[in-house]
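Now for the letters of each chain:
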Amino acid sequence: MNQPDDTRNGLTVEHLCIRLGGEVLVDLDAHIAPGHILTIMGPSGSGKSTLLSVIIGTTAPAFDVSGRILLDGTDISRLPPQKRRVGILFQDDMLFPHLSIGANLAFGLPPGIRNRAQRRARVVEALADIGLEGFEDRDPATLSGGQRARVALMRMLLAEPRALLLDEPFSGLDAALRDHIRELVFTLARERQLPVLLVTHDEADARAAKGERVDLATPG
Amino acid sequence: MERPFRSGSVTRLHQDRSLLRHAPLVMLGAMFIPVMAGLAGTFLPAIGYFPALGGDSLSPGPILDLVRWPGFFKAGALSITTGVGVTLLSLAIVILFTAAWQGTRLFSAAERLLSPLLSVPHAAAAFGVAFLLAPSGWLARVMSPWATGWTTPPDVLIPQDPWGLTMMAGLVAKEVPFLLLMTIAALGQTESIKSRTIAQSLGYGRTWAWMTVVLPRVYEQIRLPVYAVLAYAMSVVDVAIILGPNAPGTLSAQVVSWMSDADLALRYRASAGALAQLGLVGGTLILWRLMELSVGCAARRWAYLGRRMQRDRVLRHAALLGAAAPILAVLIGLASLLVWSFAGFWSYPDVLPLSFTWTTWLRHASDLRDPIMETVRIGAMAVGISLALTIITLEAEQRFNLKLTTRRLGLLYAPLLVPQVAFLVGLQTLALESGLDAGTAAVTVAHIVFVLPYVFLSIAGPYRAWDARYATISAAMGAGTQRTLWKIRLPMLLGPLLVAAAIGFAVSVGQYLPTLLVGAGRVQTLTTEAVALASGGDRRVIGVFALTQTLAAAVPFMAAIALPRFFWRNRRALQHR
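Sequence order for the protein chains is W and L. Take the first sequence: its position 209, counted from the start at 1, is 209 in the working numbering, and no numbers get skipped. In the working numbering, each residue's number is its place in the second sequence (first place is 1) plus 220.
None of these hints come from the bench; they were simulated from the model. Be careful, since some hints might not be right.
Listed next, with one range per pair, are the computed distances between beta-carbon atoms [claimed, not checked]:
1. W/LEU79 with L/LEU510: 53 to 63 Å
2. W/GLY21 with L/PHE786: 48 to 58 Å
3. W/LEU79 with L/LEU507: 51 to 61 Å
4. W/PRO80 with L/ARG437: 40 to 50 Å
5. L/GLY700 with W/ASN115: 16 to 26 Å
6. L/TRP706 with W/ARG192: 21 to 31 Å
7. L/ARG437 with W/GLU160: 43 to 53 Å
8. L/PRO271 with W/PRO61: 32 to 42 Å
9. W/ARG116 with L/SER654: 48 to 58 Å
Interface residues of chain L toward chain W, partial, derived using beta-carbon atoms under 10 Å [unchecked claim]:
10. THR692
11. ALA696
12. TRP788
Below are the SDA-like pairs computed for lysine to any residue, each with C-alpha atoms no more than 20 Å apart in a straight line [claimed, not checked]:
13. L/LYS707 with W/SER171
14. W/LYS210 with W/SER171
15. L/LYS707 with W/GLY112
Each residue gets a CB set at the ideal place from its N, CA and C atoms; glycine is no exception.
Please model the complete structure; the sequences and the hints are all you need to start from.
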C-alpha cells in the first residue's frame with residue numbers, strides 16, 4: 001500500500017467510498033499529478049456523476065461519503081464548492097443564456113482583477129486564444145456547438161481552477177468536432193499543469209487521454 | 221443578548237443557514253396565522269364571548285338568534301345550490317372540452333386566452349355579465365325589438381333573480397378559465413395524448429377515451445383546485461352583491477351586511493353566520509368527496525363493460541359551446557363596460573349609444589386617484605412580500621434538500637378552502653378587541669394569505685425545473701450562493717418571476733372581502749369602490765370603475781409579457797417560454 005503524501009501537488013482522491021442506502025457505489029483511491037489525466041469509465045448508473053459531485057462539493061445528502069479529497073496537499077473535503085477551485089465541464093456547455101459571450105467569460109475571471117479595462121482586455125485575449133475574435137457581444141444562442149464548447153472551456157479556465165473535472169464533455173458534439181475539442185481541452189489543461197479527471201463511456205476519449213484508467217463496475 | 225457582529229466568521233454562516241432552513245415554516249406561518257387567528261376570532265363571539273361588547277360568558281344565544289333569522293335556511297340552501305351548481309357546471313365544461321379538444325389548434329387558442337381572462341377581477345366580470353344579461357342589457361338589445369317585440373325593458377329580475385342563476389352564470393364564467401388552467405398544468409404531468417391515442421386505437425371514441433384513461437389521473441391533481449372553487453362559490457360576496465338575490469341575500473353577503481351595521485350587537489349574529497358558513501362549506505366538501513368516490517366507482521363499472529362510445533360528435537360540439545360561452549361572456553361583458561363608460565345618450569333598444577363622450581371618465585378621474593394609489597400600494601406590498609417568501613423558501617428547499625411533499629402542497633391550498641368570511645369576520649373582531657387600527661398594513665397581511673399560494677404555485681415549477689448544473693458551474697468558478705442567485709438564477713427566471721408577480725398582483729386587486737372586513741370599511745380600493753356602486757345602478761360610473769379595476773389587474777400582466785421580451789431581445793434562448 002502506498003502511503004498518501006499530503007505534500008504532493010495535484011488532485012488526490014484518498015480512500016473515497018460513496019454509499020447509497022448501505023450499498024457501495026464508488027470505492028476509489030487515486031492520485032492525479034499536475035498535467036495528467038485520469039479516465040474513469042463506467043456505464044450509466046455506476047456513480048460517475050456522484051463521484052464528480054463529491055469532488056466538486058455538491059453531493060446530495062442521501063449519499064454517505066467517507067475519505068478525503070486533497071488538492072495540492074490541502075484537504076478540500078469540507079469546503080463549499082466555491083472555495084475548492086475545482087473546475088468542471090458538463091456534456092452541455094451551460095453558457096448562461098442571459099449573458100453575452102463576453103459577460104460569460106468575465107463571470108469566470110477572478111474578482112481580483114478590478115479594473116474594467118483590464119478585465120475587458122483579458123476577455124478579448126481569451127476569445128482570441130480560442131479563435132473567436134470579436135465575439136464579445138454575441139448572444140450565446142447564436143453560436144455553433146463547437147464555438148459554444150470552446151467558450152465554456154475558456155470560461156472555466158479563466159476562473160483559474162487548480163484541477164479540472166470533465167463530465168462526458170464531448171459526447172454532445174458530432175464526430176468531426178469531438179476530436180478537435182478534445183484535443184483543445186487536453187492541450188490547454190496540460191499547458192496549465194492541471195490534474196484532469198475525465199468521466200466518460202467513450203473508448204475514444206479514454207484512448208486520447210493517454211493516461212491511467214479506472215473502470216467502475218456495473219451496479220447490482 | 222446582543223453579540224458583536226463578526227464578519228466572515230464560520231458561526232455567522234451557520235446562523236444564516238439555520239435561519240434559511242426555517243423559511244418554509246415562515247411562509248406557511250404567513251398564510252396560516254391570520255387564518256387561524258381569524259377563525260378563533262369568529263368562533264368566540266359566535267358562542268357569546270365578546271368582551272369588547274360586554275359578552276364575557278359563553279352562551280348559545282348568537283347561534284339561536286341566527287337560526288331564528290327568517291332567511292337563514294333559504295340563505296344556507298342558496299349557498300349550497302350555488303356552490304355545487306357552479307362547481308359541477310364548470311368542471312363538466314372543463315372536462316368535456318379538454319376530453320374532446322385537447323391537442324387541437326382550437327384548444328391551443330383557448331389556452332392562450334386563459335391568462336388574460338384569469339386576470340379579470342371577479343367583480344368586473346360580474347358587472348360585465350350583468351350588463352350582458354339584464355333586461356336592458358346587450359343581449360336583449362340585440363334581440364329587440366325584431367325577435368322579442370320589446371320596446372321597453374321587460375320587468376324581469378335579472379340579475380339578482382331569487383334562485384341565484386345569474387350569479388351562478390357569472391361565477392361559472394370565471395371558474396371555467398381557472399379550472400381549465402389547472403387541468404392543463406396537470407396534463408403536463410401525464411402522458412395524456414399518448415394514452416388517449418392508445419385507447420382510440422382500441423376503438424374508443426375520442427371523448428370517452430380521454431375520460432376513461434386520462435381523467436382519473438388528471439382529477440387526482442386538480443382535486444384541490446376544484447375544492448377551492450366549491451368553497452369560493454359557496455361563500456363569495458362581491459359577485460353575490462352584484463349578481464345575487466337581494467332579499468334575502470346569500471349567507472355570506474348577509475354576514476357582511478350585519479358586520480357593517482351600526483348596531484354592534486348584530487356582530488354576534490354575524491359571527492354565528494360566518495361559523496355556519498364554515499360548517500356548510502365543510503359539510504359540502506365532505507359530501508363532494510363522497511360523490512367523487514361513488515361517481516368514480518360507477519364509472520369504473522361502466523368502463524369495464526367496454527362500450528366504445530364512438531359517436532360523440534354532438535357531445536364534442538356541446539363541449540365547445542360550453543367552453544366558448546363563459547369566455548365570450550367575459551369578453552363581451554368587458555366590451556359592454558367599455559361602451560357604457562363612454563356612452564352619451566343611449567335609448568332602448570338601440571344596440572349602441574347615439575354618441576360617445578369622455579364626460580363620465582373626466583368627471584370621475586379625481587375619484588379614481590386615491591383608490592388606484594391604495595390598490596397599487598397594497599398589491600405591490602403583498603406581491604413583494606409573497607415573492608420574497610417564495611424565493612427564500614424555494615432556495616432553502618434546494619440548498620437543504622427539503623422537499624415540500626404533496627401533503628404540504630395541500631397546505632398551500634388550505635387557506636383557499638376556508639370560506640373567506642369565516643376568518644375575515646374574526647380578524648375584524650380581533651382588531652376591535654385589541655384596539656389596533658385596521659389600516660392598509662392589516663389589509664396587506666390579509667391579502668398575502670391569498671396572494672402567496674398563487675405566487676408560490678406559479679413560480680415553483682419553473683424554479684425547480686431550473687438546471688442546477690448552472691449553479692455547479694457558477695460555484696466551480698468561485699461564485700458564492702448569493703452571487704449565483706442574483707446574477708444567474710433570478711435573471712434567467714425573469715419571465716416566470718414577472719408572471720408570478722403579475723398573477724399575485726391581479727389576485728390582490730380582485731380581493732373584496734379582505735379589504736372591506738379587515739380594513740373595517742375605511743380602506744378603499746378600486747374593488748371596494750366598484751362593488752359599492754352596484755346598488756346605485758349608474759352604469760356609466762360602474763363602467764368606469766370596473767374597467768379601471770380590470771386595467772389595474774391586466775396592465776402588470778402585459779408588462780410581465782413585454783418586459784422579458786425587451787430585456788432579452790438579443791437573447792434567443794430566453795425568448796420562448
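Evaluation of the provided hints:
1. W/LEU79 with L/LEU510: 53 to 63 Å: 57 Å, holds
2. W/GLY21 with L/PHE786: 48 to 58 Å: 49 Å, holds
3. W/LEU79 with L/LEU507: 51 to 61 Å: 58 Å, holds
4. W/PRO80 with L/ARG437: 40 to 50 Å: Roughly 41 Å apart at Cβ, these two residues keep to the hinted range, so it holds.
5. L/GLY700 with W/ASN115: 16 to 26 Å: 22 Å, holds
6. L/TRP706 with W/ARG192: 21 to 31 Å: Holds - the Cβ-Cβ distance for L/TRP706 and W/ARG192, about 30 Å, lies within 21 to 31 Å.
7. L/ARG437 with W/GLU160: 43 to 53 Å: 51 Å, holds
8. L/PRO271 with W/PRO61: 32 to 42 Å: 50 Å, violated
9. W/ARG116 with L/SER654: 48 to 58 Å: 56 Å, holds
10. THR692: L/THR692 check passes; min Cβ-Cβ to chain W is 5 Å, inside 10 Å.
11. ALA696: Check passed: Cβ of L/ALA696 comes within 5 Å of chain W, closer than 10 Å.
12. TRP788: At 7 Å from the nearest chain W Cβ, L/TRP788 passes the 10 Å test, so the hint holds.
13. L/LYS707 with W/SER171: 29 Å, violated
14. W/LYS210 with W/SER171: 18 Å, holds
15. L/LYS707 with W/GLY112: It holds: about 18 Å lies between the C-alpha atoms, which stays within 20 Å.
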